[in-house]
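Residue numbers (the working numbering), protein chains in the order written: chain V, 1 to 167; chain L, 168 to 334; chain A, 335 to 501; chain P, 502 to 668; chain X, 669 to 835; chain W, 836 to 1002.
One thing to keep in mind: the hints can contain errors.
With a straight-line cut-off of 30 Å between C-alpha atoms, the simulated DSS-like cross-links for lysine-lysine are [as the list claims (entries may be wrong)]:
(1) V/LYS41 to V/LYS106
(2) X/LYS774 to W/LYS876
(3) W/LYS941 to A/LYS441
(4) P/LYS556 to P/LYS542
(5) P/LYS657 to V/LYS106
(6) L/LYS208 to X/LYS775
(7) V/LYS106 to X/LYS824
(8) A/LYS389 to A/LYS490
(9) A/LYS440 to W/LYS991
(10) W/LYS941 to A/LYS490
(11) V/LYS41 to L/LYS208
(12) W/LYS941 to V/LYS106
I should point out that these hints are in silico values taken from the structure, not numbers from a laboratory.
Here are the chains, one letter per residue:
6 protein chains.
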Amino acid sequence: MTTAIYPGSFDPVTYGHLDIVERAANLFDHLIVAVAENMVKRPLFTAAERVYMLKQVVTPYRNVEVDAFEGLTVDYARRRGARVIVRGLRAISDFENEFMMALTNKKLAPEVETMFLMTRAECSFMSSRAVREIAYFGGCLADLVPPVVAEMLRHKFRQRWTAAGEG
Amino acid sequence: MTTAIYPGSFDPVTYGHLDIVERAANLFDHLIVAVAENMVKRPLFTAAERVYMLKQVVTPYRNVEVDAFEGLTVDYARRRGARVIVRGLRAISDFENEFMMALTNKKLAPEVETMFLMTRAECSFMSSRAVREIAYFGGCLADLVPPVVAEMLRHKFRQRWTAAGEG
Amino acid sequence: MTTAIYPGSFDPVTYGHLDIVERAANLFDHLIVAVAENMVKRPLFTAAERVYMLKQVVTPYRNVEVDAFEGLTVDYARRRGARVIVRGLRAISDFENEFMMALTNKKLAPEVETMFLMTRAECSFMSSRAVREIAYFGGCLADLVPPVVAEMLRHKFRQRWTAAGEG
Amino acid sequence: MTTAIYPGSFDPVTYGHLDIVERAANLFDHLIVAVAENMVKRPLFTAAERVYMLKQVVTPYRNVEVDAFEGLTVDYARRRGARVIVRGLRAISDFENEFMMALTNKKLAPEVETMFLMTRAECSFMSSRAVREIAYFGGCLADLVPPVVAEMLRHKFRQRWTAAGEG
Amino acid sequence: MTTAIYPGSFDPVTYGHLDIVERAANLFDHLIVAVAENMVKRPLFTAAERVYMLKQVVTPYRNVEVDAFEGLTVDYARRRGARVIVRGLRAISDFENEFMMALTNKKLAPEVETMFLMTRAECSFMSSRAVREIAYFGGCLADLVPPVVAEMLRHKFRQRWTAAGEG
Amino acid sequence: MTTAIYPGSFDPVTYGHLDIVERAANLFDHLIVAVAENMVKRPLFTAAERVYMLKQVVTPYRNVEVDAFEGLTVDYARRRGARVIVRGLRAISDFENEFMMALTNKKLAPEVETMFLMTRAECSFMSSRAVREIAYFGGCLADLVPPVVAEMLRHKFRQRWTAAGEG
C-alpha cells in the first residue's frame, strides 16, 4: 500500500488544491492532506480552521485523510510512513521554489519521493493569497473556493465590513 | 470614448512608469493613473504624496488624470467606467504575477480588459524598490526618477542623514 | 479611429487566437488579423488557406478584417495606418520572444505601439504546433479549434490515413 | 496494479533519464520506458538502437519494460492500460513545454494522469543533445551516459573520425 | 592587480557560497568576501557572527579577505578599489534580481563591472533560507554547510530545543 | 597573464556583442573573440566573413584578438591556454542554455571557468537572428550593428532586392 502526503498551508483551500487532491487520490492508496502549521508566518486561518475546511471538502474521497503537522515535511512523511510527497505546479515561480525544496528534501530523506502534478488550466491562476485579498474587499469567490470556504472567509472579514459600514 | 486606468503603488513614480503613462496616453482617450492605497503594506510615501508627485510629472499629458483608490482594482475600474486596465511588463517575474492578476480580474469582471505594454529597454531595470534603496544611501537618482521625485526622496531621508551625521 | 493589427502565422487558427481576436475587436475601431507569410519556414497550410479559415471564424465580428502580408510587421502596420500591434501572451517563453520583438519593433517604428493580452486560462495550453500534431495522429480536436479548421486539418491529413490504412 | 509509462526520445538515454527510471520504478508496479519514434525529426539513433541501449541499462529493475511506439502518447498509454505518464523536469524551459503537453494530454485523455519528478541536481544539466555534440567532437562521456551508450556513440561517429584523420 | 568583491548576506554561508569563493579566488588577484549588513531586515546571525564564520571557512584561500559594509555595494566597491563585483547564479529568479541589480549598479558606477558564475549543479538547490529552516527543526546539515556553521546554527537554536523539550 | 575567450557564432556581430567585448577586454589581459564554426547549421555568413567583420570592429581594443575554431569550446580554450570563457546574458532563455552549457563544460574541463556579463539594457533586445531578418526585408540597422556589418548585410541581400524590384 502506497501512502502519499500532500502538504501545504491551505490558507484557505481553493479549487486549485482540490483538483490536485482529486487526482492524487486516484493515484495512491492513501492520501494525507497535511496542513503545515509553520509554513506561513501569520496565517489568516488557524491550523484548526484550515483542517476543518479541508475535512468538509474532501468528504467525497474515501482514501483521503486530513491532518496538521509542525516541523520538516520529510520528518512528517517518515512518521506517517509516506513514500511520496505530492505537490501542485501552477507557474514558473512555483517551479523554482518547488525544485529547490524537492532537491533539499531528497538530500534530507532519500527514500521519500516528491512528485508533481500540473494544476488544471482553469485553476492555474488561483492562489490563496488572491482569494484572501478578494474576500477582504468583498469580491465574488464563487469560482475560486468551495461554498464552505467562502462562508468562513465572509465570517472572518464580517467585523471589518460591519465596522466600516460597507457591502 | 475609451477610458483606461493605470493602477499601481507608485512608491515613488519612476521614469519606467512615465514611459508607460506616455504610451498609454497615446492609445486611449482618457487615462487615469490610479494610486492603489492598499497594494503595499508600509509605503515610504503616503497616498497623498504619491498623488502629488504623479500630478507634477503628468502635466505634459492633457488626457491624463491622477487619482487614488482603495479596494479591488476591478471595482475601481467599474466605478470609473474604465474598460481597460493598463500594466507595464519589465521582467519574467512581473509576467507571472501580472498573468495571475489579469486572469483573476477577468473572472471577477469579464467586461474589463487588462492590456500590457513592455517597458522600454532603457527602463527595464528600474524599480521603485531600488530607487528607495539608492535614495536611502544617498546614491545618484538622476537617471531613474524625475527631479521632483528625487527632491521628495531627499527630503524624506534628510532626517536620517542629519541624525547619523553622514553624507 | 484607431486601427490595430494582430499579426501571426495562424497555422492554423486555434480557439486561443480567437479569444484574442474577440477581446481586441472590443478595444479598437478596426482590427486587421494579418497572416504573416514568412513567419514560418514550411507552414502546413498555404497563406491562402490560413486566410480562408480565419475569414470563416471571424464573421461574428463586424470590425475585423483578414489579410496576409510579407516583410516586416512594422512596415505592414505603417502601410495600413495601424498604430497598434496586438499580441497574445500565453507562457514565459512567449513573453521573452515577444519582449525582444516588441523592443526591436519600437526601435524600427517608434510611432507603432505593441500591446499584449493574456490568453484566457482555458486556452493557455493551446498551440498551433500541438494542434497539427494531434491532427496528424487523428486525435480529437473539438476543444482546440473551430469545426471548419478541424475539417481542413482532417482533409490535409486524409491521404496519409488512407494510404496507411489507419483510423 | 498501477502501470506507468515514461515516454521520450532517448536519443540516447543519459544518466539523467536513468535517475527518473529508477525513482519511477520504485513508485509504480509496472513501468514502461517508451521510445517515441516520431518525437524528433532526424534522430541520431534508430528506434531499434534506442530500445537496445535502454534494455541494456534497465536490467537492474525487475518491473521495468522497454518498448517503442508511434502516434499520440495518450493513445499509447490507453493501449497499454497505463494510468500514469511519468516525465522528468530539469529546467524552466522543460517546465513550460511539459506544462502545455500535460494540459493537452489531459484534454485528450482525462483518465490518464501526467506526473513529474525533478531530475537530481547532479544530472540537471544533462541533455541528449549535449551528449550527441560532445560525442561528435570526441569529448569525454564517462559522467554523462552509461558505458554501453558511450560505446554506441563512439561507434556511430567512428567513420567520421577515421575519415577526417582525427582523435 | 585586480581586486574583486563578492557581496552577500551570508546568513549563514553555505557550500554553494564557498564554491563561488573558490572559483573567484582563482580568477582575481584579491577577493573580498563582503557581508552586506543591510541586505536583509532581520538576519539570524549578526554581521560579526557572519564575518566570523566566513573567516573560518576561507582560510584555505590566501588571496581572500572577509569584511562587512553598510550602504550601496557600488560605493563599497569604489572605496576598496574593486573593479569587479562577483555574484553567483543558481536559478531563474536569481537571474532576474541579479540582472536588475547589475544594470542599476552599472548606472550608478559605470567603471565597476558585475560578473556572474553559475553555482555548481550539486549546490544549485542550497539557500541560506533553507539552511536556517532545516536547522530550526533539527534536520541534518552535513551536506549543506561547513561544520563550523552547523555548530553555530545548533548553538543558535539550542535554547528553543531545550525549552520545548524536543529532539 | 589571464587569457579569456569569448566564443559565439557572431552571424553577424551586433552592438550587443561589442558591449560584451569592450567590458571583457577591460577585465582580462588578453581576450580572444572566437567564431565557433559549427555552432549553427546554415550560417548567413561564412566563418571567414564573420572573422572579417569582427576584426573591423574590435580594432579599438589593443588586447583583443579574433579567431575561428571547430570542435568543443573547452578543447579550444585549452589549446589557447585560456582559463576563462566569457558569455553574455540577455534573457531568461539565454540563462537556461548557458547554465547547462557552463555545467557541461565544467564537467569536461574543470580548470576552465565560465563567466557571465549581463548585456547592457539598451542592447538587451538585440539578436543576430532579428538583425538578419530586418536586413532581409530592408529595415533600418543603424542602431543594431556597426556600419561595416550593415554594409555586408546589404551586400548579402542585394541580389534579392534587385531581382524582386523592391527597396
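TODO: Against the structure, test the hints numbered earlier, and report the numbers of the ones violated in rising order.
DONE: 2, 3, 5, 10
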